[in-house]
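J.: One-letter residues, chain by chain:
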Amino acid sequence: MTLDYLDYKAATEKYEPTLGLEVHVELNTKSKMFCSCATEFGAEPNTQTCPVCLGLPGALPVVNAKAIESSILIGLALNCSIAPYSRFARKNYFYPDMPKNFQTSQYDEPICVDGYLDVEVETDDGAKVFRVDIERVHMEEDTGKSLHVGGSTGRIHGAEYSLLDYNRAGIPLVEIVTRIVPGTGKYAPQVARAYVTELRDILRSLGVSDVKMEQGSLRCDANLSLAPIGSGELGTRSETKNVNSLRSVERAVSGEIERQANRLQAGERIVQETRHFLEESGQTRPGRSKEEAEDYRYFPEPDLVPITPDANWIEELRKRIPEKPSIRRKRLQTEWDCPDKEMTSLVNAELLDVVEETIELGAEPTRARTWWLGEISRLANEKEVLPTSLITTEFVAEIIALIVAGELTDKLARQVVEGVVNGEGSPKEVIEKRGLKVVSDDTALMLAIESAISAQPDTAERVRGGNIPAAGALIGAVMKATGGQADAAKVRELLLRHLGQGE
Amino acid sequence: MTAISREDVAHLAKLARVEMTPVELDHMATELDHILSAVKRVQEVATQDIQPTSHPLAMTNIFRDDVVKPSLTNSEALSGAPAKIDGRFKVPQILGEE
Numbered sequence: 001m002t003l004d005y006l007d008y009k010a011a012t013e014k015y016e017p018t019l020g021l022e023v024h025v026e027l028n029t030k031s032k033m034f035c036s037c038a039t040e041f042g043a044e045p046n047t048q049t050c051p052v053c054l055g056l057p058g059a060l061p062v063v064n065a066k067a068i069e070s071s072i073l074i075g076l077a078l079n080c081s082i083a084p085y086s087r088f089a090r091k092n093y094f095y096p097d098m099p100k101n102f103q104t105s106q107y108d109e110p111i112c113v114d115g116y117l118d119v120e121v122e123t124d125d126g127a128k129v130f131r132v133d134i135e136r137v138h139m140e141e142d143t144g145k146s147l148h149v150g151g152s153t154g155r156i157h158g159a160e161y162s163l164l165d166y167n168r169a170g171i172p173l174v175e176i177v178t179r180i181v182p183g184t185g186k187y188a189p190q191v192a193r194a195y196v197t198e199l200r201d202i203l204r205s206l207g208v209s210d211v212k213m214e215q216g217s218l219r220c221d222a223n224l225s226l227a228p229i230g231s232g233e234l235g236t237r238s239e240t241k242n243v244n245s246l247r248s249v250e251r252a253v254s255g256e257i258e259r260q261a262n263r264l265q266a267g268e269r270i271v272q273e274t275r276h277f278l279e280e281s282g283q284t285r286p287g288r289s290k291e292e293a294e295d296y297r298y299f300p301e302p303d304l305v306p307i308t309p310d311a312n313w314i315e316e317l318r319k320r321i322p323e324k325p326s327i328r329r330k331r332l333q334t335e336w337d338c339p340d341k342e343m344t345s346l347v348n349a350e351l352l353d354v355v356e357e358t359i360e361l362g363a364e365p366t367r368a369r370t371w372w373l374g375e376i377s378r379l380a381n382e383k384e385v386l387p388t389s390l391i392t393t394e395f396v397a398e399i400i401a402l403i404v405a406g407e408l409t410d411k412l413a414r415q416v417v418e419g420v421v422n423g424e425g426s427p428k429e430v431i432e433k434r435g436l437k438v439v440s441d442d443t444a445l446m447l448a449i450e451s452a453i454s455a456q457p458d459t460a461e462r463v464r465g466g467n468i469p470a471a472g473a474l475i476g477a478v479m480k481a482t483g484g485q486a487d488a489a490k491v492r493e494l495l496l497r498h499l500g501q502g503e
Numbered sequence: 504m505t506a507i508s509r510e511d512v513a514h515l516a517k518l519a520r521v522e523m524t525p526v527e528l529d530h531m532a533t534e535l536d537h538i539l540s541a542v543k544r545v546q547e548v549a550t551q552d553i554q555p556t557s558h559p560l561a562m563t564n565i566f567r568d569d570v571v572k573p574s575l576t577n578s579e580a581l582s583g584a585p586a587k588i589d590g591r592f593k594v595p596q597i598l599g600e601e
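So the sequence lines, in the order shown, correspond to chains W and Z.
Numbering-wise (our numbering), the first sequence opens with residue 1 and increments by one.
Numbering-wise (our numbering), the second sequence opens with residue 504 and increments by one.
What the hints contain is simulated information worked out from the structure, not anything from laboratory work.
Treat the hints with caution; some may be incorrect.
With a cut-off of at most 16 Å between alpha-carbon atoms, the simulated EDC-like pairs for lysine to aspartate or glutamate come out as follows [to be verified]:
no. : chain 1 : residue 1 : chain 2 : residue 2
1   : Z       : K587      : W       : E40
2   : Z       : K593      : W       : E160
3   : Z       : K572      : W       : E40
As the structure is a computational prediction, the values presented were derived from the model and not from experiment.
Turn these sequences into a full structure, and let the hints steer you where they fit.
T.: The structure is reproduced here in structure tokens:
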């Protein structure tokens, strides 16, 4: 019997997906979770290690207070309860990236439990909110980095040996685990993406992590199972790892729905396993089988005492939770009367904060957006740096104020920005040094106008005769003579009046 | 009846990467059985209102400030390594997992 291949649409018409997500986030503390080694990215191999994070005998861990604070902040932002009593546990396994032969993690007493995050997804019936329940937020530590040498692929299979760098071992990691998300139907991939996006934005707004998926400071594992629609059953799940971008989260979930549906369709069973997402094809391939791997023999960590956060401390931290990023975006968009497309550009370029600051400093919203997205972003792109590293919001607001006051034209303002970016000083200093004032002094302008007229008497005659567009050539000459520093509208007004064409 | 079988011991030995002979497995199964029955007696005493003890000190919230202190140098870190290349620990082929 031959079976037709089920495409995504057919798969979701027949099967109901059940989704679960685990997100690992590296905290941006200066020192590691249990020792004082630096956490800086990109250091020479094995230069940020000590007896604690190398797992040398006799070394004793001490918890980083900042990591606890960040974990509580994350829990609060995700509407969790903060456990009055929580402990670390040892998760035992042998793997060279874990020098202690156990990972210090949390097991049955995580620091935060029972939260939720609402995410919005576009559906056929318009925008719909899906509630993603958070089961737990727990603390653990990252592993070292391995480099597999030999073989043809650079992968672990066929490698002759591996090289280990433990700089990353012991960097604080927070794992955020959802409950299964029911009722997403065919929108499971979009819900997964929206959840990770919203979570990333929240973590960024809390300032607890760099949340760079491409650098691995935010990693997502997607659990997925299928059951025939209406069966009320829960299928066997697979866990897809190695999902390193928001787009990949969506692709990994839809790819896995299609794969599982076709297996079930063919009467095969789904194996509970870890699968790896392949960025190029959008497919997954099997990794290690779970059945044997999960025997971690957790037990309470004897070297660390329990954590019992004080209620006052939690309330202090609660005050620091900022407005939810998606709500803030909607509010700012309305306040600024900003088109959708421009808002998306601002969010993607991570310019919301600076634009908001520039506006708070008195700049008009449209100009603030245009300057950050336009000229400043262009210069940043040229120099391959972040726009926010080039110029302060104070200076941008000051330059915009000068434009509004008519003291700078857009063209001159671009030169001022360039000067500030090149380190020539404040906008005032750049204007001073480069002599960039708009020439609005009528006498100076009239002199320039008169010399333009005497240089082009025929043109001037045509304007006198009513040919207004001919004035363009004269205005151009005046602008040239003033080095572009005159206000073109002002020149036009004076010129036309002088030639008897003014209103 | 024994609480722990020879197979259980073999499994634990494998997880702990300890090589054991058949004689040692038998011996250890008996020994662990004694230990577990002792623990079982303690469990009979432990009731709901007794907090499980993971360490003997009644202390909580021992934290340190998030301050960086000097690490070992690369050569200090690698000084006990049986094999190393380019400032990294060299480990034998890792099989079976990814």
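J.: Each of the hints needs a verdict: does it hold here or not?
T.: Status of each hint after checking the structure:
no., hint, result
1, Z:K587 - W:E40, "violated (23 Å)"
2, Z:K593 - W:E160, "holds (11 Å)"
3, Z:K572 - W:E40, "holds (13 Å)"
Of the numbered hints given earlier, the model fails hint 1 alone.
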